[in-house]
Every structure is written in C-alpha cells, then in structure tokens.
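So in my numbering, spot 694 of the sequence shown is number 677, and the numbers just go up one at a time.
It is possible that some hints are incorrect.
[Stated by the list, open to error] In silico DSBU-like links for lysine-lysine, alpha-carbon gap of 35 Å or less:
(1) Lys674 to Lys489
(2) Lys676 to Lys537
(3) Lys649 to Lys676
(4) Lys649 to Lys665
(5) Lys766 to Lys474
(6) Lys453 to Lys474
(7) Lys665 to Lys676
(8) Lys300 to Lys474
(9) Lys489 to Lys453
(10) Lys665 to Lys615
(11) Lys766 to Lys512
(12) Lys440 to Lys740
(13) Lys766 to Lys47
(14) Lys537 to Lys453
(15) Lys615 to Lys674
(16) Lys676 to Lys489
For the record, the hints were derived by calculation from the structure and aren't laboratory data.
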Amino acid sequence: LKPFWFKVGCCDVSSGSLTKVGNHTRCAQLNCGRMALGKVLEIALHFENFRNVDLFHQGLYHLKTRLYVQGDQRIPAIPFGHVTSPAIDQPKPKSTRTDHHHLIPTHIVEDQCTFSTRSFLIRYCEEEVELNDVGQFRIEVGLDEVEEATPLTLEVDLMFADLTSHGGADRFGEQPDVDSTEFKSVSTQTFRIHGFENGMHEFCPVVFDEFHFCLANLVIHTVLLDFRLRLRPLLWSSSRRSLSRGKSGHVGIASGGDGREAEKTQTPTVPASQNRPLSFTECIFSDIQGEDRQELLQTIEDLYEQHLGVLSDSYTKLATWFKHVCMTCLTPVQRKTFGDCVVVPDLQLPYTDSGVFTGRNLTVGRGSGKVIRGILAERLGSDIDEQTVAMHLAYDLNAVSCQIQEMWHKVLNVILFACRETTTMLRSVWEQQIIHQWGASIITDTMGWEVVVPEDKAIWDDHNRRSELKRARDGSLPGPLNIEDLSLMPKLELHPILFEQRYSPKPGSTDASFVHRALQDNLIPSAPKRYRGVHLFVLVHGFQGNSFDMRLMKNNIALLYPDAIFLCSNANEDNTEGDLNEMGIRLAQEVVNYICDWCPGSALGRLSFIAHSIGGLIVRAALPMLREYSGKMFTLLTFSTPHLGYFQNNISLFRTGFWVLKKWRKSTCLEQLAMTDNADPKETFLYRLSKTKGLEFFQAIILVSSHQDQYAPFESARVEMSNSWDTSADSIYPTMVRSLWEPVRPERVFRFDVNFKIPEKNLDAFIGRAAHIQFLECQPIMKMIIHNYSFLFR
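Take the sequences, apply the hints, and build the full model.
What follows is the structure in structure tokens.
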C-alpha cells in the first residue's frame, strides 16, 4: 500500500496557518500534513446478476474488476477476500450435469490487484445468470486525496473465452475443459466513485458497449474503518561515506574513475519518506514547542473532534443503514432467525459513564470540545505528557474502529441473505436519481388543447436559442451521481437538449386519460405494472434500412424493462422502395404471426410501435389490418417520420437529390412521399391514409423531430400547420392535418423537438442527414425518453 507523506514546513506564521497559544506556537489547520492520519476504507463490490441483452458471441464470460485512486501516482485498492451468497452455495441434489455458470470460481489475482466473479456460459439471448459474488477491497487514502476529493476509479472488464476450438458452446457444456480456455478483455466500463470516503451504498448498472450489449447489476458498499499512520523508516547516517562494491565483490570506499579517492563525500539523496514522523506522538505534537498542560489538552481536544468524530459518524451512518435494510429487506421470520446478528448496539467508548460518547447521545464533533477536554483532564490527571495523550487517542480510535468493523461484518452478512431485496431497494433510489439527471436536459412546455395550429410559428428559432443558452451555463446540468458512468453522459457542450410540448384536454372533457393519470403518478420504471400480460414493442426501420437499425433502441428499452418482448420488423428490408400500402400489409401480417407465436390468447397485455423515418408511415398503413388489437394498442413513437410527405415548395440540396432519385429509381415509395403518385391530390396514398382510422387507437402518441433534420420536414414530422403553405398546391396539407387529429384526444399527444450539437462539418451535416441518423445512434436521447417517460414503456 502507498505510504502517506506528512508534509514538513507546511505551517507558516506569515500565511496565517500558525496561531499563538500562550507562549507556544501551534498549527491552526489540524488537517495539515503533519497532523493528519490516512483513512482506511473498505469497499465491497456485490455483483447481483448478469443479463445477456444482445451479445454477438456464445462463450464463457466473467467480470474482472480493479479499484484505484489516481492522484500524482496510482494508489490501488487491495482485494483481500470474496464471498458468495449462501443461497447459491447451499447443497443441491447430486447431478451428473455440470453447472455451466460456475465452471471457474471467484478468484483474486494478487499481482494485478483484481477480483473476478465466477465464470458463466452464455448461450441464449436474454439469458440471465444469478451471481451474488462479493469482492472485498481495502485502500488507504492520504490527506491530499481527501482534500482534493479525488474519486475512486472502478474498472470492470468483460472477459470472454471463445469456445470455437472446443467445438462450440453446446459441445463445451457437455465436456468442459476449463484449464485450456484463454480469456481476453473484450469491453471495459469505467466509473468514478465520488465521496467514497464518507461511506455509501449505491446501485450501479454496468452496461458494456453497443457491440457487447449486456448488463451486470452491481451494488457498491464503502465504509471508513480506521485511521492509519505510516511511520518514517530509520535511515543510515548521512555522514557515512558512500560505499561501492568492486568487481571482486568486496565493499570499498567509492573512488573516481582514475582510481583516486573522491575529493568530496557524496551526499546521499534524502528520500521523501524522510519527511514522515517517526511515531504517532511526533505526528500529533510535531508543531508544539513546550509541555504546557492546557496546550496538550487543546491539541487533543481538536484531534478528538476531527478524527474520533469522523469515525463516530461512520459508525452512526452504517448502523442507521443497517437498521433500514433489516426492516425493509428481511422478513419477520428472517429477523427472528438472525437474532442478535441484526441488533444494533450503541457506540461504546471508555467514557460511557458520562453519557457523552454513546450512540444515542453522541456529541463527538464540532462544538463538543469543552466537554471532551473536561473528561480528558479528569481521566489523565495532572501528570500529563505527550506520550500519554497520544496513547489514549490511539486507544479510543481503535475502540471505535473495532465496533465499525463488527457492524460492517453484520452488514455484509445480512446483504448476502437479502441480495435481491437490497439490490431492488437501491435500484429504486438510482432510478429516481437518473431521472433527475436526464431531466435537466429536458425543457417542458404545457400547451393548450389546439394540436393543429402551432402557437409559435418559428418555434425552432426559440429552441435553438434556449439550447445554446443552456449549454453555455456550466451549472445548468446537475453534477454527476455518486457513481459516475464515464460512458453515459456526453460533454456539456455536446449534450442534446429535448423540448417537450404536452397538450391540455379539451374544455368540458371530464374523463381523465391514462396519460394524464400516469403523468400525475410519475412512477419509476421498475414500479409494478397495473395490467396483465406482456408488453410487445414492434420496431420498424426506415427507407433502405433493416431491422438492425433499431437494435440500439430495442436494447436500451430492454435494459429497463426486462419483461417486455420485441419484434424488430424485417418484413420490408428488401422492399422499402415499393408501395407503402403493401409494406403495411406485410408488417401487419408479421405482427399477427408474432402475436400468435409468442402472445397467444390473453398473453398480450399491450402493443406499442416505435418507428424511424418512413417506418412510421408503414405502421400507420398497417393499423387498419390490426384493428382486432386496437384495445391493446398503447404507445406510438415515431422518430423523424414525414407523416405529411415532402412539401413541393421546399428547396434544399436534399430535396434536389430527392427529386433526382425519384425520377431515376422510379421508386413508388418516393412518388407517394412526394404525393405525385396520382394526378388528383385527394387520390394520393398519403391523403387517403390521413382519412384512415388508426391514431386514435393509441393511449399516447409521441412525435419526435428535429429542425436540423432535412430528411423529414419539420412540420411533416410534427403533423402541424406550416406558414409556408401559401399556394394552392399546398392546400391539401391543412386538410390532412385536421383529418389526422380530429379523432385524437389532445392530452394523448406529445411533440418532442431535439436540438443536437453536431460538431462535424461533413457532407451528412451539410445535407441534413446527420440529425436524421442521430435518432438511431444517439443513446442519450434514447435514455432521456426511456427513463423520463416510463409510462410509455411500462
């Protein structure tokens, strides 16, 4: 472990850090290098389970972790133990089959300072493995790291062993050859743990990169156990001559290259450890000149307030959390079985007769100095010296440390018997925190009941101005969570901003809609659902796309809603340039077949659609053929879908390319989007589709758009009136807008406008395609919607 350096010469009268006490000069900053002790902390990493969301490869996996503080030099946390939940280790009936999720047990690699969970064999999609492996680390943190609030860094490696050479995962499962398997790290997630020195109990989902999309539910516990002093080692006298060993191996006096004795004795370099104290007494009283009794009592009073108070707070916080866990996560039968193991004793110190240092009447801390000084004066008597004072302080620190250690073991023991309950409790806290975190990038406006005509005719200008203003304010976004996922939040200057417009019910409307009630309840994603059956999400790609385009959206939903099932449509992968009506027929048939196979009878609880680009039009075309499921339809979420097609009077580089492509490829789909598939506008596909029922089936309709996206006109993606419709050729569009919204209750409609920060100056950005693709690739936008609008997905 890294030794702690105690600064010499950090106190200076001219700097104001030294004060006069009587005839003596003493340090007023008790946390200066010479007076402080290093903190000893213990960290428990509890991996509750592992879930394969979308891994590409079957094989053997495990999780490898390391902890360190990165200051001027890296201070590693030392793994010293591991334990597994007794529920996993309990005896099972003898079986000839191998446990494929326990082929290699948990282990520690000492020279790498790493802890690894058990290995497990992943063969199936959505496969979940219960781990409940706990790794224990210990670290000593010096004064500099504490003062600078240096976070603890956690790295989690996803280790993978390819079993192709063993005949594949299925063959390996029959005859596992563990010794010849070689693991490699295929993905790493890094976290910063802030405030770990104060003790914490936090849930942290470990989600690896998009090419290894899997989830490990991790709970991190930390506790301050003790203070520790690193003493200065004894050194050779600096006046000795430097000695060297000759070729013969004899030790002699160092000489010059010409054989003559060096004219000057070499001055040895004084190591930095020379600045550390030789004893605990020196550490405490190195700035005191004299043996005045009141001076000693004043010093020890301050030290008791600072160090013993911190340990007492650590015990109190740990005991309070332990009581909460016992009452929340253990059943009455379990609490009775544990007996004294769940009893929380008061913090005891040698002064309990005075009632000062007990757990119920704890007054150690700032402002309790006079009481402490009186107790110490009575205990130490008149014959007091530095060694005696230091001995009593060390004894009392050790007494509290032992009680913290005992309470810490109780905590670890109980959470092993209530793994899932503890994780669920902490997860709900994390969900509230992450909602607040993402919510800082969402600006909500409540509109009237009119959804056809926008209140602001150039709302994109206002949104752009407000976005730049929000990004310019350093404090506009909240600080990181206690456990900061470095891959989760983009930099402030690149952070997308989401503008939400929600609508009020029509005057006289008395029946509150589901959406209105859901907004009032404001439930977290893991809250129990209020319906029976499964929630089926149908994800539909856009023009010249494929089912893989919607993979990231599907995976992010699956992270928070593991009970949901998904259909990533592929029925139109080779036909997106054909007739939109035929694409709708194919999608409808695909959905019906999927429901018959996976949600027969009453198994289907809700049916939702998520679509990108023209996928939203394909969904609308399929709705008339899915009328039998209209009572189950719940959410319609479209990303940049041109619901009204492409307006003829809008000219841009993309529009020019669009018309050229339409003529050259003779694409039916593009003809329909341009509403040139029939000479009579009222006979075009999009106009007839606007008259078709479908949108009113859904409980919530969310239209996501971006003015930066030139691939879908802004008003077309939002289905609202445009100021540019001032010619007779455009007269058809207002009729379409009114037809679409006439049967829909306004409180069910949400419009999201996303302002992206796209720094690249490339062709995609120039023609407006970059923002269109961002809806498929920008995970922050996906997470904002999935976390903060959980009622759409629950």
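Check: Has the given pair, lysine 766 with lysine 47, been kept, meaning a C-alpha gap of at most 35 Å?
Finding: Holds: lysine 766 and lysine 47 sit about 26 Å apart, inside 35 Å.
Checklist line | Proposed proximity, lysine 665 with lysine 649 (alpha carbon, max 35 Å) | finding: holds, 21 Å
Check: Under the criterion that the straight-line Cα-Cα distance not exceed 35 Å, is the pair lysine 676, lysine 537 satisfied?
Finding: holds, 27 Å
Check: Can the restraint linking lysine 676 and lysine 489 be considered satisfied, given a maximum Cα separation of 35 Å?
Finding: Holds, because 20 Å separates the two Cα atoms, which is no more than 35 Å.
Check: Is the Cα-Cα distance between lysine 665 and lysine 615 35 Å or less?
Finding: Holds - the C-alpha atoms of lysine 615 and lysine 665 are around 31 Å apart, at most 35 Å.
Item checked: Agreement of lysine 665 and lysine 676 with the hint, judged by alpha carbon distance not exceeding 35 Å -> Judged against 35 Å, a Cα distance of about 17 Å means the pair holds.
Check: For the pair supplied as a hint, lysine 537 and lysine 453, is the alpha-carbon distance within the 35 Å limit?
Finding: holds, 30 Å
Checklist line | Pair hint outcome, lysine 300 versus lysine 474 [Cα-Cα no greater than 35 Å] | finding: This hinted pair holds, its Cα atoms lying about 34 Å apart.
Note to self: Hint check: lysine 453 vs lysine 474, CA-CA at most 35 Å. Holds or violated?
What the structure shows: holds, 13 Å
Checklist line | Satisfaction of hint between lysine 512 and lysine 766, Cα-Cα up to 35 Å | finding: holds, 20 Å
Next item on the list: Please work out if lysine 489 and lysine 453 have their alpha carbons no farther apart than 35 Å.
Entry: Within the cut-off at roughly 33 Å; holds.
Item checked: Given pair status - lysine 740, lysine 440, alpha carbons within 35 Å -> Holds: lysine 440 and lysine 740 sit about 23 Å apart, inside 35 Å.
Comparing the model with each numbered hint stated earlier shows that all of them hold.
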